[in-house]
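Please build the complex by placing chain B on the supplied structure of chain A, with the hints as guidance.
Protein chains: 2
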Amino acid sequence: MSDTPENVAATNAEARNERHRERMVRKKTVMDERIANAQSERGLLLVNTGIGKGKSSSAFGMVARALGHGLKVGVVQFIKGRVSTGEQLFFKRFPEEVRYHVMGEGFTWETQDRQRDIETAGKAWEVAVELLNDPGIALVVLDELNIAFKHGYLDVDQILEDLRNRPLTQHVVVTGRGAPQALIEAADTVSDMSLVKHAFQSGIRAQKGIEF
Amino acid sequence: MSDTPENVAATNAEARNERHRERMVRKKTVMDERIANAQSERGLLLVNTGIGKGKSSSAFGMVARALGHGLKVGVVQFIKGRVSTGEQLFFKRFPEEVRYHVMGEGFTWETQDRQRDIETAGKAWEVAVELLNDPGIALVVLDELNIAFKHGYLDVDQILEDLRNRPLTQHVVVTGRGAPQALIEAADTVSDMSLVKHAFQSGIRAQKGIEF
Chain A
1 MSDTPENVAA TNAEARNERH RERMVRKKTV MDERIANAQS ERGLLLVNTG
51 IGKGKSSSAF GMVARALGHG LKVGVVQFIK GRVSTGEQLF FKRFPEEVRY
101 HVMGEGFTWE TQDRQRDIET AGKAWEVAVE LLNDPGIALV VLDELNIAFK
151 HGYLDVDQIL EDLRNRPLTQ HVVVTGRGAP QALIEAADTV SDMSLVKHAF
201 QSGIRAQKGI EF
Chain B
1 MSDTPENVAA TNAEARNERH RERMVRKKTV MDERIANAQS ERGLLLVNTG
51 IGKGKSSSAF GMVARALGHG LKVGVVQFIK GRVSTGEQLF FKRFPEEVRY
101 HVMGEGFTWE TQDRQRDIET AGKAWEVAVE LLNDPGIALV VLDELNIAFK
151 HGYLDVDQIL EDLRNRPLTQ HVVVTGRGAP QALIEAADTV SDMSLVKHAF
201 QSGIRAQKGI EF
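In the order they appear, the protein sequences are chains A and B. The UniProt record's numbering numbers the first residue of the first sequence as 1 and each following residue consecutively. The UniProt record's numbering numbers the first residue of the second sequence as 1 and each following residue consecutively.
Read the hints as simulated data drawn from the structure, not as lab findings. It is possible that part of the hints are untrue.
Identical copies go unnamed one by one, so any copy, or any two together, can satisfy a pair.
Claimed, not checked - With a straight-line cut-off of 25 Å between C-alpha atoms, the simulated DSS-like cross-links for lysine-lysine are:
#1 Lys-27 / Lys-150
#2 Lys-208 / Lys-28
#3 Lys-150 / Lys-208
#4 Lys-123 / Lys-197
#5 Lys-80 / Lys-123
#6 Lys-197 / Lys-208
#7 Lys-28 / Lys-72
#8 Lys-80 / Lys-28
#9 Lys-92 / Lys-197
#10 Lys-72 / Lys-150
#11 Lys-123 / Lys-72
Just chain A, same shape as in the assembly (with noise of 0.2 Å):
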């Protein structure tokens, strides 16, 4: 093949193609193996905290999963906004399949209250241990609960040997910003959301769909 210039550039093409290929070909050897060595399965405590967006609607999403693989999911929200959120408009479709508990009273700093919250927060939680005690639910989501960690309400050694009994393959999700250390610790897989820009800075409202 003589080296006109549209021989070199297919040449090129070709190379890159091929080196391309060559680095696939390791790739793929090196996740068939983790694969291979991830073979265990049991229930999963996730946390998704920080201060970042995220930690509830990745919580919902994978509601969503798991209920597109015939799962029955659990629900418990211990903060409660000033509306009705779009994930329990939702979800509330499905009653069969998600059993969905709005517990909160709204954010601390509305009800101003220290004694009603704790007594709320207390209420969720026999809430939470319901399903929690309930082999039949894959996924439980406890949304917002580092909230009531945070301010007190709820104490994280009592919770965590309840999250300790529940059934062996089911799930729990945990949400909201300044996860415990404690919490940390007993989770299997812990996400940190962090906060690289958000619209409500720049003036934009919170919207339908977006913020709840």
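Only chain B this time, still in chain A's reference frame:
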């Protein structure tokens, strides 16, 4: 009131409750002001990036939210896994409300063919542009689009132009690790999901409802 231990304890608890109330009154003022200042509404460009868990599941949680508010949603998955995902199985139940397209052929290390991946990414983007031109769709999820940028399968500048031309109130969520800088600059809200720990590292395999 005499200062028996019981009375002292009661007084301390009351004082604590009162301090809590005062702090929450101040916090409410701050939060109400912030909400009052954030009044503008328009379609947001959100980016979920980072190496931690929660980028895609957070986007699918927003899908659930949007559906709860009666909005219509479009989804394009740029990378298809080995198996059908729970989110795909679930959201395909709502063909009137969700336009769901799985376009990728598999992970890049599965196809090992750069030219074929580029063609697949191009076709996926054509489908995305249809959704981005439809003012009836309130939220568009471009799942794992960042992977296509990372491998140079799609041109960021062209895609940003298509995103700028979408309907004014349409929200877009882009997911995938390694979001390019130009996309981060163009975005309204960016979350970086960092990995604190992951069950996969301890030999637990990917499980239904959690990872897929």
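Do the hints match the structure? See the list:
Taking the closest pair of Cα atoms, Lys-27 and Lys-150 come within 25 Å of each other only across two copies (16 Å); inside a single copy the shortest separation is 42 Å, beyond that limit. In this homomeric assembly, Lys-208 and Lys-28 come within 25 Å of each other (Cα to Cα) only across copies, at 22 Å, whereas the closest approach inside a single copy is 41 Å. Taking CA atoms no more than 25 Å apart as the test, Lys-150 paired with Lys-208 passes in neither setting, with 27 Å inside one copy and 31 Å between copies. Neither within a single protomer nor between protomers do Lys-123 and Lys-197 lie at most 25 Å apart by alpha-carbon distance, with minima of 36 Å and 31 Å respectively.
Within a single copy, Lys-80 and Lys-123 get their C-alpha atoms as close as 14 Å, which meets the 25 Å cut-off; across copies the closest is 42 Å, which misses it. For the identical chains of this complex, Lys-197 and Lys-208 are intra-copy neighbours only, at 19 Å inside a copy versus 32 Å across copies, given an alpha-carbon limit of 25 Å. With identical chains, the CA atoms of Lys-28 and Lys-72 are never at most 25 Å apart, being 34 Å at best within one copy and 37 Å at best between copies. Taking identical chains as interchangeable, the C-alpha atoms of Lys-80 and Lys-28 lie at most 25 Å apart only when they sit on different chains, with a minimum of 15 Å there against 45 Å within one chain.
Proximity of Lys-92 and Lys-197 under a CA criterion of 25 Å is satisfied in neither setting, with 32 Å inside one chain copy and 32 Å between copies. Neither within a single protomer nor between protomers do Lys-72 and Lys-150 lie at most 25 Å apart by alpha-carbon distance, with minima of 29 Å and 37 Å respectively. In this homomeric assembly, Lys-123 and Lys-72 come within 25 Å of each other (Cα to Cα) only inside a single copy, at 22 Å, whereas the closest approach across copies is 36 Å.
Hint check: violations occur at hints 3, 4, 7, 9 and 10; the rest are consistent with the structure.
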